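Asker: Fit chain L to the supplied structure of chain D, relying on the hints for placement.
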Amino acid sequence: MTAIDQITTPARRRSWQSVTLWAGIILVSLHVIVGLLTLVWTPYDPSAMAGGRLEAPSWLHWVGTDRLGRDFLTQIMIGSRIALTVGIGAVAIGAAIGVTLGLLAAFASKFLDDALAAALDILIAFPTLLIAMLVVAASETATLGSAILALGIALSAIVARLTRILAKRVLLMDYITAARTSGTSWLGIVFSHVLPNIWPTLSVSFALQFGLAAIAEASLSYLGLGAPPPNASWGRLLQEAQGTVYTAPIGAIAPGIALVSLVIGINLLADGLRDSIDPTRRAR
Amino acid sequence: MSLISRRNLLVATLLASAAFSPLAFAQDYDADATIRIGSLYEPQNLDNTAGAGQGINEAFNGNVYEALFQLTDAGTVEPKLSADYKVSEDGLTYTFTLKDGVTFHSGEPLTAADVKYSIERVTAETSKSSRKKSLSTITSIETPDDKTVVITLSARSISLPYNLSYVWIVNDKAADITATEDGTGPYKLEEWRRGSALSLARFDGYWGDKPTNGEVVYQYFTDATALNNALLTNAVDVITSVQSPDSLAQFTGNSAYTVTEGASTTKEILAYNDRVAPFDNVKVRKALARAVDKAKLLNSIWGDYGTLIGSFVPPTDPWYVDLTGVDAYNPDSAKELLTEAGYPDGFEFTIDTPDYDPHPLVAQFLQSEFAKVGVKANINIITANEWYTKVYQEKNFQATLQEHVNHRDIVFYGNPDFYWGYNNPEVVKLIAGAESAGSVDEQTAKLTEANKIIAEDAASNWLYLYPQIVVSASNVTGYPVNGLNSQFFAYGIQKAK
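Respectively, the protein sequence lines represent chains D and L. Positions 1 to 284 (UniProt numbering) are the ones given, in order, by the first sequence. Positions 1 to 497 (UniProt numbering) are the ones given, in order, by the second sequence.
So that you can see chain D by itself, here it is in the shape it has in the complex (with noise of 0.2 Å):
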């Protein structure tokens, strides 16, 4: 490298960083306004049949409507609403079963743990979106409720085997011998010293599988298997506006647009959260 570069790509980089973790939060911001907004309005009431069918977007109908002639605008807002609930709630899932999983097998005796890491590799090796389908299947009837909870399933493999080879890494400091050593206890050691150092690499990975959760729970409804209708699930938008691509495109176009929006978001989130939190690679 020669010194001009040395000198600045570092400030590039940052800028560069700072737009992308910008354009993240907006991006993942309006998705959070609108959800919240759904909560107390929405431009139509969400079943009513207000208009004709597959109407072009008008004034009245700003993405037009669908095949019962409700409004599209109003489907896909909530789309946003049931998007954040199923990453949220797929996510604190998989985060609850997944770090204490990954700890476990951390801190457990070898045969344990590599029995424990040989199950998570297995079950990593299944889709994400299979292992889901096997748990709603497993459910007497799909709900929203039921869809999360496989999501958060499947994710609880991945963060565990991170988990898992973040804090054996921790585990090998020094520091560590030296608070066991002093007579801290082993669950004092995970809350004052495991955790507060795995913390950033976890919480990039949370907001990446937020985005996966997102596009799973669409494939997840797309195949309906999903939130039953009429909870208004991206996924189900666009199946329903499969059949009528070619003369009403802007139904399977608008989900569609929602959906990579919103994982774009929090995909340039994550990035961002990363390259703050990491002091290596700010420092390159």
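None of these hints come from the bench; they were simulated from the model. All values derive from a computational prediction rather than experimental measurement. Beta carbons: idealized from backbone N, C-alpha and C, even for Gly. A couple of the hints might just be wrong.
16 Å max Cα-Cα, derived EDC-like pairs, lysine to aspartate or glutamate [what the hints assert, rightly or not]:
1. Lys-390(L) <-> Glu-55(D)
2. Lys-497(L) <-> Asp-73(L)
3. Lys-296(L) <-> Glu-55(D)
4. Lys-372(L) <-> Glu-55(D)
5. Lys-147(L) <-> Asp-73(L)
6. Lys-429(L) <-> Asp-417(L)
7. Lys-283(L) <-> Glu-190(L)
8. Lys-395(L) <-> Asp-280(L)
9. Lys-116(L) <-> Asp-204(L)
Residues of chain L clear of chain D, computed beta-carbon distances all greater than 10 Å [claimed, not checked]:
10. Thr-324
11. Thr-383
12. Glu-456
Per label pair, the in silico range of CB-to-CB distance [said to hold, decoys possible]:
13. Leu-172(D) <-> Glu-348(L): 55 to 65 Å
14. Ala-137(D) <-> Val-440(L): 17 to 27 Å
15. Pro-315(L) <-> Ala-137(D): 19 to 29 Å
16. Leu-187(D) <-> Arg-275(L): 54 to 64 Å
17. Arg-275(L) <-> Ala-138(D): 24 to 34 Å
18. Phe-126(D) <-> Ser-333(L): 46 to 56 Å
19. Leu-112(D) <-> Arg-275(L): 51 to 61 Å
20. Pro-315(L) <-> Ile-26(D): 54 to 64 Å
21. Ile-88(D) <-> Val-405(L): 42 to 52 Å
22. Asn-385(L) <-> Ser-192(D): 50 to 60 Å
23. Asp-45(D) <-> Arg-156(L): 51 to 61 Å
24. Glu-336(L) <-> Phe-126(D): 48 to 58 Å
25. Val-40(D) <-> Lys-395(L): 39 to 49 Å
Answerer: Quick look at chain L alone, frame taken from chain D:
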């Protein structure tokens, strides 16, 4: 121009061309043309008593195999391989005389033994034919000579000729017909490439009129969009199952294609479990029937296509009467009826909804309509297999959406053990009496009566009759347009030179 006016124009054009075509185009078609038919229903095998699915009937009924009778495109039952038949005074003995000069594709002549063999194939223990039950009154089949078949029944069965129109006459020397065939029809099987196509070639030894084309190929697709695209790219000449009005926009208003709406027998219904509360109460059923704006529903699903019928009987069945006036849309009277039935604040129930179009959308429409009269409907999405076990076999449901495709299936309301559990002794008696009627008129009168009673009872919530839409390249004419769930006669199709 709106969809409807374009369509009407097209239908009018078609009718006009159909009226003049015998004069104007009599010599203009290619007698050796290959007709390529696009279909979504590939058969599982080639034997309709071995669980081959509806696709085999579409390809083989009337084309490769013929029966003693034929259900024509107009909906009438006409003799085919039977030249004549006599019914005994008590209606229990049918004597059929077979047509002369009929040979199988293998060259063997048609004999009475083949007919006996063919009927017994359908009624056999191992048969998976959907017609098995309707032929269960047959006690014996005798063949006094090569041209005569005598069928004895345990009870009168006025629909015997109709039911026999679904019994393929197969050569009794043909060992296994799951992958090959030996019928008497105007076409013989040329090749079946599993997963893609089934081709039929003109049979030169055919006893009747020669087909107006040389070869017919059924091309199979797994998805409706691919099917439409095949017609757009000229990979097929005709498509038989248009699934939504929106895919039609590509063909209407384009002179390269002809869009025809025929008479369908497919009914979209909300079936209640009439055994369980609150659906055992006729007032509740009538209230829910009045709560649904069916015209608006039909328009949402099918645009300007389809028909409202007000009961389970399509206009092509002889016992059809227009019953749309019974329990017409009236939310106010629906609320009154609910109050009278003891549900002034409504109630809550679950609709088991098959996961394929249009059921989930219909369910949401119903949910919103029922909410207006205070009834809360939950939607439970299930697969077709789950529907079969949970609803059809175990009868473990409150209400369900389903499309019923058959002709003349009002008889299901005469069976209290059927999945919807409708049990009105008067209807059971009328439907049983119709089957043992002495004449077709008596049968029609009884079933018309039954039809009116089930409508008054609001036994189920009959939402609409699907349209039957066929789209073809405009140089292809002469295909059937009605009741295409079980047959697609290809021998009259002409392709312009």
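Asker: It remains to establish, for every hint, whether it holds in the given structure.
Answerer: Okay, the hints, checked on the actual structure:
no., hint, verdict
1, Lys-390(L) <-> Glu-55(D), "violated (38 Å)"
2, Lys-497(L) <-> Asp-73(L), "violated (26 Å)"
3, Lys-296(L) <-> Glu-55(D), "holds (15 Å)"
4, Lys-372(L) <-> Glu-55(D), "violated (23 Å)"
5, Lys-147(L) <-> Asp-73(L), "violated (28 Å)"
6, Lys-429(L) <-> Asp-417(L), "holds (15 Å)"
7, Lys-283(L) <-> Glu-190(L), "violated (57 Å)"
8, Lys-395(L) <-> Asp-280(L), "holds (14 Å)"
9, Lys-116(L) <-> Asp-204(L), "violated (26 Å)"
10, Thr-324, "holds (21 Å)"
11, Thr-383, "violated (8 Å)"
12, Glu-456, "holds (29 Å)"
13, Leu-172(D) <-> Glu-348(L): 55 to 65 Å, "holds (59 Å)"
14, Ala-137(D) <-> Val-440(L): 17 to 27 Å, "violated (50 Å)"
15, Pro-315(L) <-> Ala-137(D): 19 to 29 Å, "violated (41 Å)"
16, Leu-187(D) <-> Arg-275(L): 54 to 64 Å, "holds (58 Å)"
17, Arg-275(L) <-> Ala-138(D): 24 to 34 Å, "holds (29 Å)"
18, Phe-126(D) <-> Ser-333(L): 46 to 56 Å, "holds (55 Å)"
19, Leu-112(D) <-> Arg-275(L): 51 to 61 Å, "holds (54 Å)"
20, Pro-315(L) <-> Ile-26(D): 54 to 64 Å, "holds (59 Å)"
21, Ile-88(D) <-> Val-405(L): 42 to 52 Å, "holds (45 Å)"
22, Asn-385(L) <-> Ser-192(D): 50 to 60 Å, "holds (54 Å)"
23, Asp-45(D) <-> Arg-156(L): 51 to 61 Å, "holds (57 Å)"
24, Glu-336(L) <-> Phe-126(D): 48 to 58 Å, "holds (55 Å)"
25, Val-40(D) <-> Lys-395(L): 39 to 49 Å, "holds (43 Å)"
Consistency note: the structure conflicts with the earlier hints numbered 1, 2, 4, 5, 7, 9, 11, 14 and 15.
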